[in-house]
Structure formats: structure tokens, C-alpha cells
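Below are the chains, spelled out letter by letter.
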Amino acid sequence: MEIFRIENLMVKYGEKVALKNIDLIIQRGEIFALMGPSGAGKTTLLRILNLFEKPTDGCLVFEGKRLNGTHTEKLNARRKMSLLFQTPSVFNASVFENVAYGLKIRGADKDTIEEKVINALTIVGLEGNERQKARTLSGGEAQRMAFARAIVYDPDILLLDEPTSNLDPANVAKIEEIIMRIRSERGTTIVFATHNIRQVKRIADRVGILLNGELIEVNSKERIFAAPEDARTKAFVNGEMIY
Amino acid sequence: MDSTDFLINGIANAFSLIFNLNPYILSITGVSLKVSGAATLLAALTAIPLAFALSFCNFRGRQALITLVNTGMGLPPVFVGLFIFVMLVPAGPFGSLNWIFTPGAMIIAQYIIVTPIITGISIAAIKAVPRSIIETVYTLGGDGKETVIVTMKESKFGIITAILAGLGRALSEVGAILIVGGNIAYTGSVGGIGEGLSYTRTLTTAITLETSRGDISTSIALGIILITIVLFVNLLANAIQRRD
Chain A
1 MEIFRIENLM
11 VKYGEKVALK
21 NIDLIIQRGE
31 IFALMGPSGA
41 GKTTLLRILN
51 LFEKPTDGCL
61 VFEGKRLNGT
71 HTEKLNARRK
81 MSLLFQTPSV
91 FNASVFENVA
101 YGLKIRGADK
111 DTIEEKVINA
121 LTIVGLEGNE
131 RQKARTLSGG
141 EAQRMAFARA
151 IVYDPDILLL
161 DEPTSNLDPA
171 NVAKIEEIIM
181 RIRSERGTTI
191 VFATHNIRQV
201 KRIADRVGIL
211 LNGELIEVNS
221 KERIFAAPED
231 ARTKAFVNGE
241 MIY
Chain B
244 MDSTDFLING
254 IANAFSLIFN
264 LNPYILSITG
274 VSLKVSGAAT
284 LLAALTAIPL
294 AFALSFCNFR
304 GRQALITLVN
314 TGMGLPPVFV
324 GLFIFVMLVP
334 AGPFGSLNWI
344 FTPGAMIIAQ
354 YIIVTPIITG
364 ISIAAIKAVP
374 RSIIETVYTL
384 GGDGKETVIV
394 TMKESKFGII
404 TAILAGLGRA
414 LSEVGAILIV
424 GGNIAYTGSV
434 GGIGEGLSYT
444 RTLTTAITLE
454 TSRGDISTSI
464 ALGIILITIV
474 LFVNLLANAI
484 QRRD
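Keeping their order, the protein sequence lines are chains A and B.
Just so we're aligned: 46 in this note's numbering is position 46 of the first sequence, and the numbers increase by one with no gaps anywhere.
Add 243 to a position in the second sequence, counting from 1, and you land on the number used in this note's numbering.
Careful: at least some of the hints might be erroneous.
As the list claims (entries may be wrong) - List of simulated lysine to any residue pairs, SDA-like, C-alpha gap at most 25 Å:
no. : chain 1 : residue 1 : chain 2 : residue 2
1   : B       : K399      : A       : E130
2   : A       : K54       : B       : F400
3   : B       : K399      : A       : K54
4   : B       : K388      : A       : N92
5   : B       : K388      : A       : N76
6   : A       : K104      : B       : I261
7   : B       : K388      : A       : T112
8   : A       : K133      : B       : F400
9   : B       : K370      : A       : Q86
10  : A       : K74       : B       : E389
11  : B       : K388      : A       : S89
12  : A       : K116      : B       : K399
13  : A       : K104      : B       : R374
14  : A       : K116      : B       : F400
15  : A       : K133      : B       : S375
16  : B       : K388      : A       : T72
17  : B       : K388      : A       : K221
18  : B       : K396      : A       : K54
19  : A       : K65       : A       : N92
20  : B       : K388      : A       : E97
21  : B       : K399      : A       : R135
22  : A       : K133      : B       : R374
23  : A       : K104      : A       : G58
24  : A       : K133      : B       : T390
25  : A       : K65       : B       : D386
26  : A       : K54       : B       : T394
Stated by the list, open to error - Among the chain B residues that face chain A by a calculated CB cut under 8 Å, a handful are:
no. : residue
27  : P373
28  : S375
29  : I376
30  : T379
31  : Y381
32  : T382
33  : L383
34  : G384
35  : G385
36  : D386
37  : E389
38  : V393
39  : E397
These aren't lab readings, by the way, just hints derived from the structure by calculation.
Beta carbons: idealized from backbone N, C-alpha and C, even for Gly.
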């Protein structure tokens with residue numbers, strides 16, 4: 001069952017074309033990797049999916065509904081998602097307050113907040129750090145805290161922008177383990193941007209290859225790596241592409 | 244008396260006036276704190292919402308208002324004093340209010356001087372909140388109102404610093420309040436110095452008067468109190484900045 005449908009999407013910043021001719025369907029519950037070199041348009045596409053930015057042209061269908069832009073409609077759609085940035089932004093508050101934020105703005109009661117925050121922190125391995133000032137966390141811990149903040153309100157969709165690019169191997173493994181766990185336990189749809197080919201092999205179900213703002217191939221992980229249809233995909237996954 | 248004796252006697256008498264809680268000096272300190280405190284409070288109530296409106300809203304005249312705030316930050320106090328004086332003298336447009344030479348007139352003058360300062364520093368504090376924080380609020384399902392609330396929390400130390408900077412400016416201001424307040428004390432002498440208790444006489448305006456009258460001990464006493472209060476306000480601002 002599809003959760004996102006993108007049709008003939010284009011994004012322009014002035015004269016610069018960031019995305020063009022994008023047609024894409026994301027299925028509910030899948031882990032979809034957006035792979036491509038830096039500057040290919042991965043982050044822009046994630047921001048479009050998060051309704052963070054408006055496309056210049058084309059349309060986005062979310063849960064079968066074309067989003068035309070009323071504030072409430074967009075807010076309701078956005079509240080079913082989380083977008084996690086490459087470098088986490090941390091509020092000047094405790095770890096608990098940071099993680100509880102999404103629940104508070106959704107009007108959750110105190111007991112629910114307490115229970116869900118502890119649960120989310122346990123999932124990311126930060127239980128016991130609730131009272132710590134969030135800005136004193138290490139880079140890896142801050143990313144895991146941001147992960148807890150993104151999953152604490154059980155979003156249907158998790159959008160991850162290069163979530164492990166600044167982390168050491170131990171934290172990369174931990175984040176990948178959390179991604180797999182969230183999907184299997186909650187059925188969360190996960191779309192992540194990366195240029196880490198090995199990570200895609202480890203955790204993705206399907207892959208879209210973005211190059212210069214164009215989605216040149218969308219296929220299952222197996223097909224992308226074993227029998228890519230586009231020569232540029234083959235060059236990219238074999239590490240032969242110079243960019 | 245040589246210059247050393249002159250200074251030592253002046254300082255010794257000044258400390259004696261302070262520690263004996265001279266009523267004239269206490270009343271001047273009280274008027275200073277009340278006028279500057281009220282002006283800063285009113286300015287903060289105007290400046291903080293204004294700073295948020297200028298930072299978050301796009302409206303007609305926004306750029307002109309920002310220019311006005313920036314100009315206001317360097318406004319010469321004597322000009323403000325002259326302007327308020329012209330407005331409030333009996334022949335002026337608001338003369339019927341009878342506010343000239345009252346603490347109220349002094350509060351208005353300091354309000355005009357301090358509001359742009361608090362607004363300008365608050366805008367800088369709001370702008371210092373990283374854009375990624377605002378974006379994070381959106382990605383977690385927040386809306387415009389939530390971004391303002393989070394920005395307020397993130398910039399609170401900067402805004403408190405802005406208020407303290409405004410208070411420090413108000414306390415040390417002399418030109419405007421001298422013109423609109425008239426530097427008035429009641430008739431009669433209290434504690435053997437000055438005139439009666441202060442009505443519109445503040446630490447700064449009293450220093451100008453007592454120095455011109457040659458009462459150096461009183462001037463030094465007033466100066467010590469003024470510098471101590473301003474120093475305390477600045478230490479508080481520094482402590483808040485360090486905490487941030």
C-alpha cells in the first residue's frame with residue numbers, strides 16, 4: 001500500500017534546478033534508501049516529503065490524498081512524520097525535555113510523556129541520561145537522542161538525512177539496529193538519504209538513485225546491486241563514478 | 244588642604260554619608276531606581292514583542308521599523324529630553340496633562356531611550372538562535388506558534404541581557420531626565436546636606452548639581468552608589484551570558 005506518491009516533481013531555487021522529473025512511490029512499511037553523491041538532491045527530496053518545502057511543479061500525494069496546501073491539512077500530515085537531520089539540533093534543555101517535545105506539542109498527558117520518553121531513550125541506549133543537559137552529550141549520543149526525539153510519538157514515517165555520516169562505527173551499528181527495530185516493531189516507513197553503499201546493502205528494501213536532481217533508477221536493493229538497469233547506477237554502486 | 248587630603252576627605256565623608264544612610268542620598272537612590280526600573284519594565288514590555296514581530300513577521304513597514312530601532316539605539320538623550328519637554332510644557336500639545344518636571348515625564352524620556360536598545364539586542368539574541376532549531380521544531384510537527392515559543396526559550400538569556408543593558412543605560416542616563424525632570428528636591432535640608440528629599444532628582448542629575456555646588460563628598464557618595472548599582476547590573480548580565 002503506497003504512502004507517498006510523487007508525480008512529475010520539480011524544485012527550482014531561482015534558476016538552479018534542484019530536482020526534476022521525479023516520479024516515485026514509497027510503500028508503507030518499507031525502508032527506502034535515497035542514494036546518490038553529495039548535491040544530488042537527496043536532502044531536498046526529503047524536505048519535500050516532510051512538506052517542509054513546496055515543489056515548484058508537480059504533485060505530492062500522501063496517504064492517497066493530494067496535498068494542496070491548507071495549513072491544518074499540512075500540519076496533520078507533518079505530525080505523522082519525523083525528519084532527522086545529518087547534524088542533530090539540540091534544544092537548550094535536558095535530554096528528557098528534548099525527547100518529550102513532540103509529545104508535548106501533541107497534547108500528551110504527563111504519564112504518557114514519562115512512559116514514552118523512557119521507552120524511547122531505552123531503545124536508543126540513553127536510559128539514565130534523562131536529567132543530563134542535552135548540549136553536554138557527545139556527537140553520537142546527541143544523534144541517538146535526536147533519534148529518540150523523532151520516534152517518541154510513534155510517527156508513521158521516519159525521514160532520515162544521512163543519519164550516520166558523522167558517527168563512529170559503534171554508533172553507526174547502533175543507529176542501524178534502531179532503524180531495523182523501529183520498522184519491525186512499529187511498521188514505520190523509513191526513507192533515508194545516504195551515500196554509504198554498504199549501509200544501503202545492510203538495511204534498505206528498495207533504493208532510488210539520485211543524480212544531478214534526477215531519479216535515474218528505482219529498484220529493489222537486490223536488483224540495484226546485482227543487475228542495475230542504468231549504466232550510471234552501475235558506475236555509482238561499483239564506486240566508479242567520479243563526483 | 245593639598246590635593247591628597249582633598250580626595251581622602253571627600254572619599255571618607257562619602258562613605259560616612261552612605262553608611263549613615265543619609266536620607267537625602269537614599270531618596271535620590273530611590274527615585275533613580277524607581278524611574279529607571281519603571282522605564283525599563285515598560286520598555287521591555289514593548290521591546291520584546293516588537294523584537295519577535297520584527298524577527299518573525301513580514302509586514303509593510305517592517306524594514307522602516309528596523310531602521311528606526313537601529314537609529315533609536317544611538318539616539319542622543321538630550322534630544323529625547325528636548326522632544327519630551329516640548330511635548331509636555333504647558334504650551335505644548337500635551338501640556339494640559341501637567342506631567343512636566345514629574346517622575347512620569349522622566350519615565351517617558353527613559354522609555355524612549357531604552358526601548359530601541361532592548362529591541363535591538365533582543366533581535367540579535369533571536370537571530371542567534373540557529374535556523375536548524377526552528378527547522379527541528381517543524382520536523383517534529385510544530386507550527387509557527389511553536390517556533391516562536393522555542394525561540395523565546397532558546398534566546399531567553401540574550402533577552403534578559405538586553406533588559407539589563409537597558410536598565411544600565413537608564414540608570415546612567417542624565418541629559419534627558421535633567422531636562423524633563425528638572426532635578427527637583429523638596430525645600431529644606433536633610434542630614435545636613437543638599438536640599439530636602441528628592442522628587443525628580445536622580446543619582447546622575449544630583450552628581451551634576453552637587454559637583455557644580457562644590458559638595459564633592461556628596462557627589463562621590465552618589466557616584467559610588469551609582470557605579471555599584473551599574474556594576475551589579477553588568478555582573479548579573481555577564482553571569483547570565485556565561486550560563487547561556
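| task | Below or equal to 25 Å on CA atoms is what counts here, so check A:K104 against A:G58. | result | At roughly 34 Å apart (the allowed maximum being 25 Å), A:G58 and A:K104 break the hint.
| message | Let's test the interface hint: is any C-beta of chain A closer than 8 Å to that of B:G385? | response | Result: holds, 5 Å to nearest chain A Cβ.
| request: With a cut-off of 8 Å on the beta carbons, see whether B:Y381 makes it to chain A. | output: 6 Å, holds
| Hint consistency between B:K399 and A:K54 [alpha-carbon to alpha-carbon, up to 25 Å] | Roughly 32 Å between the alpha carbons, so the hint for B:K399 and A:K54 is violated.
| request: Closer than 8 Å between Cβ atoms is the bar; does B:L383 clear it against chain A? Give me holds or violated. | output: Status holds, d = 4 Å.
| message | Min Cβ distance, B:P373 to chain A: is it shorter than 8 Å? | response | 7 Å, holds
| query | Holds or violated: are the alpha carbons of B:K388 and A:S89 at most 25 Å from each other? | reply | Holds, at roughly 19 Å.
| field | Distance restraint between B:K396 and A:K54, which requires alpha-carbon spacing of 25 Å or less | value | Answer violated: B:K396 to A:K54 is near 28 Å, above 25 Å.
| task | For the pair we were handed, B:K388 and A:T72, check the Cα-Cα distance against 25 Å. | result | Holds, at roughly 13 Å.
| task | May I ask you to test the interface hint for B:G384 with respect to chain A, counting a Cβ-Cβ separation under 8 Å as satisfied? | result | 4 Å, holds
| request: Verify the proposed pairing of A:K116 with B:K399, using a straight-line Cα cut of 25 Å. | output: 28 Å, violated
| Straight-line Cα separation of A:K54 and B:F400 no greater than 25 Å? | Given that 25 Å is the threshold and the Cα spacing comes to 34 Å, the pair is violated.
In terms of the numbered hints stated before, the structure departs from hints 2, 3, 6, 12, 14, 17, 18, 19 and 23, listed from lowest to highest.
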